[in-house]
Amino acid sequence: VIGSLRDGGFSIELAAHAYSALDSYIYGFALQEANLPFDTGAQTADVAQAIMAQYSPGDYPHLTELAVEHVLQPGYDYGNEFVYGLDLILDGLERAAEKNRPRHRC
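Under the numbering used here, the first residue of the sequence shown is numbered 1, with each subsequent residue one higher.
For the record, the hints were derived by calculation from the structure and aren't laboratory data.
Each residue gets a CB set at the ideal place from its N, CA and C atoms; glycine is no exception.
Heads up, some of the hints might be wrong.
[What the hints assert, rightly or not] So the derived label-pair ranges between C-beta atoms look like this:
1) Ile2 <-> Pro57: 46 to 52 angstroms
2) Gln32 <-> Asp59: 21 to 27 angstroms
3) Ser24 <-> Gly75: 26 to 32 angstroms
4) Asp39 <-> Leu66: 18 to 24 angstroms
5) Glu13 <-> Ser56: 45 to 51 angstroms
6) Tyr19 <-> Tyr55: 38 to 44 angstroms
[As the list claims (entries may be wrong)] In silico lysine to aspartate or glutamate, EDC-like type, Cα no more than 20 angstroms apart, as pairs:
7) Lys99 <-> Asp7
8) Lys99 <-> Asp87
9) Lys99 <-> Glu13
Go ahead and model the full structure; you've got the sequences and the hints to work with.
Here's what the structure looks like:
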């Protein structure tokens, strides 16, 4: 990975930052997903509804909205959140690499 980053024009410092960010995100997501108390959409809904039953919707309106409008919708898969987050990190790393690349004058 570090070699690919360096070959892609990343300075050694930026490659170190990128490697650390990628490693932390991938490892952290894997740990979180492995410890979630659900595997299927039905189990996800059961857990979300059990959590929401413990408080009034007005207590945490944004959390309620997230659960109802996103998590409890058909086809929701927490695993898809990984790709979204990884894309954000990669986009940010690409912007950082562009800033550090030498500009050629015509």
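Satisfaction of the hinted span 21 to 27 angstroms by the C-beta atoms belonging to glutamine 32 and aspartate 59: Given range 21 to 27 angstroms: holds, Cβ gap about 24 angstroms.
Range agreement (Cβ of glycine 75 with Cβ of serine 24, hint 26 to 32 angstroms): 29 angstroms, holds
Holds or violated: lysine 99 to glutamate 13, with C-alpha atoms at most 20 angstroms apart: Judged against 20 angstroms, a Cα distance of about 13 angstroms means the pair holds.
Verdict for isoleucine 2, proline 57 (Cβ pair) under range 46 to 52 angstroms: 47 angstroms, holds
Pair hint lysine 99 and aspartate 87, alpha-carbon separation not exceeding 20 angstroms: Roughly 19 angstroms between the alpha carbons, so the hint for lysine 99 and aspartate 87 holds.
Straight-line alpha-carbon gap lysine 99 to aspartate 7, limit 20 angstroms: Holds. Lysine 99 to aspartate 7 sits at ~16 angstroms (cutoff 20 angstroms).
Status of the given 38 to 44 angstroms range, CB of tyrosine 55 versus CB of tyrosine 19: Holds, since tyrosine 19 and tyrosine 55 (Cβ atoms, about 40 angstroms apart) stay within the stated range.
CB-CB spacing for serine 56 and glutamate 13 relative to the 45 to 51 angstroms hint: Holds: the Cβ-Cβ distance is about 49 angstroms, inside 45 to 51 angstroms.
Cβ distance range 18 to 24 angstroms for aspartate 39 and leucine 66, holds or violated: 20 angstroms, holds
The structure fails none of the hints (numbered hints given earlier).
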